[in-house]
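The residues making up each chain are set out below.
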Amino acid sequence: MPPAVATIDTASPNRSWRDNALLQGWLVLLLAIVFGALLAGVQTALGPAIADNKRNETLSRVPQLIPPPDTAATSAQLEVDTRMLPVSSGGRTAVYRIHRASRDDELAGWVVQVAGQGYADRIEVLLGLSPAADVITGLFVLDQKETPGLGAKIAEAPWRGQFAGKPAALPLEVIKGGGASGNQIDAITGATISSRAVTDIVNRTLADVRDQLATDAGKAAP
Amino acid sequence: MTYLIDILLIALGAALINNFIFYYFVGICPFIGVSRRVEMAFGMGCAVTFVMTIAAAISWTMTRFVLMPGAPLTQWIAGWWLDPQTAAGVDLSILSYIVYIFAIAASVQFVEMYLRRFFPLLYRSFGVFLPLITTNCAILFACLTIMSRLVGVDDPAARWDLGQALVLAIFGGLGFTLAIVIMAGIREELEACDVPTPFRGAPIALIVGGILAMAFMGFTGVDNGLKTALTPPAVVAQAPPTEPPSGAPTP
Amino acid sequence: MIIWVTIGLSVTAMGILAVFFTAVLGWANRAFHVPVDPRIEACVEALPGANCGGCGFVGCREYAAAVVCDAEPVDRCVVGGQACAEALAAIMGVDPTPSLPYRPVVHCGAHTADRLLRAPYHGEPTCAAANLVNGVQGCTYGCLGFGDCQRACQFDAIHVIDGLATVDYTRCVGCGACARACPRNIITMAPFKAERILAVACSNKDSGKDVQRVCKVGCIGCKTCQRTCSLFTVKDNLPSIDYDAYCPDDLGDAIRAMEKCPRHRIVVVGKPSAKDLAALGDEALPDVVTPDFKTTVDDTEWRG
Amino acid sequence: MSTPSAGQRFIRGILPENPVYRQMLGLCATLAVTNNLKSAVTMGAAVLFVLVCANLMVSLIRHLLTPHLRIVIFTLTIATFVTVADRLLAAFLYPMSKALGPYIPLIIVNCIIICRCEVCAAKQGPLTAVADALGQSIGFTLALVSLAAVREILGTGMWFGFRVLPAAWPDWVIMVLPPGAFLTFGLLLGLTNWISAQRAGKEEA
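Chains as they are written, first to last, in our numbering: chain A, 1 to 222; chain B, 1001 to 1251; chain C, 2001 to 2304; chain D, 3001 to 3205.
Heads up, a few of these hints could be off.
To be verified - Restraint-style ranges between C-beta atoms, simulated for each label pair:
(1) 1079/B - 3125/D: 41 to 51 Å
(2) 2120/C - 177/A: 52 to 62 Å
(3) 3099/D - 49/A: 13 to 23 Å
(4) 1117/B - 2222/C: 53 to 63 Å
(5) 1200/B - 177/A: 50 to 60 Å
(6) 181/A - 3173/D: 26 to 36 Å
(7) 3173/D - 2161/C: 55 to 65 Å
(8) 3199/D - 63/A: 51 to 61 Å
(9) 2120/C - 1200/B: 20 to 30 Å
(10) 1117/B - 3198/D: 47 to 57 Å
(11) 49/A - 3125/D: 33 to 43 Å
(12) 2120/C - 1193/B: 17 to 27 Å
(13) 1156/B - 181/A: 36 to 46 Å
I should point out that these hints are in silico values taken from the structure, not numbers from a laboratory.
In this text, all values refer to a predicted model and were calculated from it rather than measured experimentally.
Glycine residues also receive a C-beta, built at the ideal position from the N, C-alpha and C atoms.
Between the sequences and the hints, there should be enough to build the whole structure, so can you do that?
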């Protein structure tokens, strides 16, 4: 039975007191206020839980992108603080979210969270850099909507593992047909656009933030 | 210049590439239900585009100034009781769904009364669709996309302004109309073909819709290619040669 | 403290929003108040409400609005019949005089035998489908004979006899469903100023030579009728009758035009005359088929 | 026809009047989230929660409804419960909430809920309304699961995460993409029509 169509209340003019708009809408008013209060309560109750869900989702990845402590002795916990770093390059200011990971206040590495345009839609990645920001320690794809089965392979370990250990100074190139060396990355067969998109994002991030991070690292390290 | 490219990309994306029906699956109920005749479908399409533009305008203003976590109006009012620091913690984004649906339902009711009064002929042709539009997913989806472009983006420059929001609404509506009119055309021809009895009506419409979705899938990646083509070479020249062309952050 | 401010703010925000929208809707409800004529509601009650389309309108409300606003004749409602006509007349304060009945006229006279260049057609047996196919029969204007009109008619008043749609004027109520259903639009509604009126039984607009190639009886556009009687005007090799100027009593030269027409395309249509009835006198009467009332005119059942 | 009782409403919701296959309602959600089973079941649960609460609430205040504000009141109640469901999901099942993304709020305009409010809740008592809500949402979840099972098995060869088809079986990527949703649902709908036609045929014969 199709939903009944909302009929227009063409009340004939003689029903005066019913015509006052507020009187008719009192139920809507009451409901709106009651629901406003209910939702505010839900917000205060669940708000923090959701916030740290969001934060954990990225922070839980950070330890994997930070090189293990060279001396196994220091088993201290990693502290991570996040700040936004606006960078203006080529007439466009881009804002990067930088996670600075330090182990008992000795810089352990950087993780940059950045999003770029992929083949179908946005790709958001976490890029791990060594303390001196000269070697890429790893890459993790947070969010992508590439074609499942093809482009979606950029999120899987074998492909994104290639970035670990690559030098950060030279821009990376994507090549087809395997045999990548130095600063080359193997493209996923049938998804070169997605592979190239991720590499472009990495190159652009490196070009924008590398020197800033290096100077920060220089300053912070004793 | 890049603002215009942004607008073009949003327009193209909403109308063809990420078509509301074939890519995001919103607005399927009218797509199956109302697309029996082309003029009915076109009427429905225009009504949806019209109401979607109004809803987009209302939802952008409400989100930008009241519902966003750092919305200026909320901060200003909260500032009366709280010191600015904690006032930043006040965030009404939980009200967004209610505000959008309230705005949609009210604007549909308002448009219906307005049409009934000033354009009786227009009302007779597609007035009957208006109550159906309140339960149409496409309009709420447009508001949600606008919200995600305002709230979900942490880089203030990439937030959408009213122009971009309206462009998304108008071209999303046109994409919806295009899809539903194509479907209506096909279904009118379908009347004359002998479809096996269990597949008559909705099932055959869905299968035809699947084929149309495949055709529309051919558009994926067009906006990406267009962006790299349209990025003015001047931007590339300044950057040091080794650095790849820095495309504008995603629309 | 921040909790109370959040709750307070959201409550006030929702309150303001609700007040604003209810006020706007309330004002709009009054400002855009369409002066609905109470008589329309009364008429809708008087009508049977079956939305059958017998009056030529989509539904009863449409017909009621037409009766009230456009002074449509009150006796159009077929289902309601005389009682309903009187009720409407009472509401409108008009006397229920029977108005001019509109009846369909099929502008084609060729039976299957008369049609040339016919190709064997095994497609969907409906006029709508056959109309899409090129070359089903030579004449691209005339009746296809697949019976879309017969299916559209709810009063069993039009039948495809020997490939040609023929109207049974004793049963026809003039609802126009057949005219709407014909994909070639060769059924038009004509005002019957008398029981039987003249009509042109062809709709082929090609030149004479082409017509003869495709049809044995088609009108060749010789303009004899136009020369003989001013009632006929020939445009694109096809005569048409000006029904407004048509008056049934002085048909002198129109009848002469009918006789002089070489292809006999000007015919008399309407209820069978006494002579036809006499000719059929001895035949056994077929059993009466009661028409099944399909109530919904347009069966697009929209479910959600 | 007499207003059906709670039991009838419940039974009818599951199969005879299945909201998706019979009444063709709520198609937006059905096609969108059924590319894998986990999100289909979560969507079913969310719709169950919202439908039960909304039906209960509406049937409690059904005597106060004014005719022309009816739709606005329904959408308001449903929107509130959907926001609550969305926040609960984000708090406790964050990965699922990210996977479903914009389709949770789209439950608000899901035709099933507004239709059930109109048809059943606004006319009958709370008990029948809740029974009807349960029946309809179970029917809806069944439909989602049936569609998601077909699409996930053919699309990725997995079922709820376990590998069902041998790895050598090429994945039909189309099944996970939008066109696959249309085609699968069209074919399944045709199948159900055919089955019910057979059964109706057997009963008559």
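Tested hints:
Between residue 1079/B and residue 3125/D the CB atoms are about 48 Å apart, so this pair conforms to the stated range of 41 to 51 Å. For residue 2120/C and residue 177/A, the hinted distance range of 52 to 62 Å is satisfied, since their beta carbons lie about 60 Å from each other. Distance hint check: the CB atoms of residue 3099/D and residue 49/A are about 18 Å apart, consistent with the given range 13 to 23 Å. Distance hint check: the CB atoms of residue 1117/B and residue 2222/C are about 56 Å apart, consistent with the given range 53 to 63 Å.
Checking the proposed 50 to 60 Å range against residue 1200/B and residue 177/A shows it holds: the Cβ atoms sit about 52 Å from each other. Our hint of 26 to 36 Å for residue 181/A and residue 3173/D holds, since their Cβ atoms are close to 32 Å apart. Roughly 58 Å separates the CB atoms of residue 3173/D and residue 2161/C, a value that falls within the hinted 55 to 65 Å. The hinted range of 51 to 61 Å is satisfied by residue 3199/D and residue 63/A, whose Cβ atoms lie roughly 59 Å apart.
Take residue 2120/C and residue 1200/B: their Cβ atoms lie about 27 Å apart, and the range 20 to 30 Å holds. A beta carbon spacing of about 53 Å between residue 1117/B and residue 3198/D agrees with the range 47 to 57 Å that was offered as a hint. For the hinted restraint 33 to 43 Å between residue 49/A and residue 3125/D, the CB-CB distance of approximately 36 Å keeps it satisfied. Range check, residue 2120/C to residue 1193/B: about 19 Å between beta-carbon atoms, so the 17 to 27 Å window is met.
Between residue 1156/B and residue 181/A the Cβ separation comes to about 41 Å, which falls inside the hinted range of 36 to 46 Å.
This entry satisfies every hint, going by the numbered hints stated previously.
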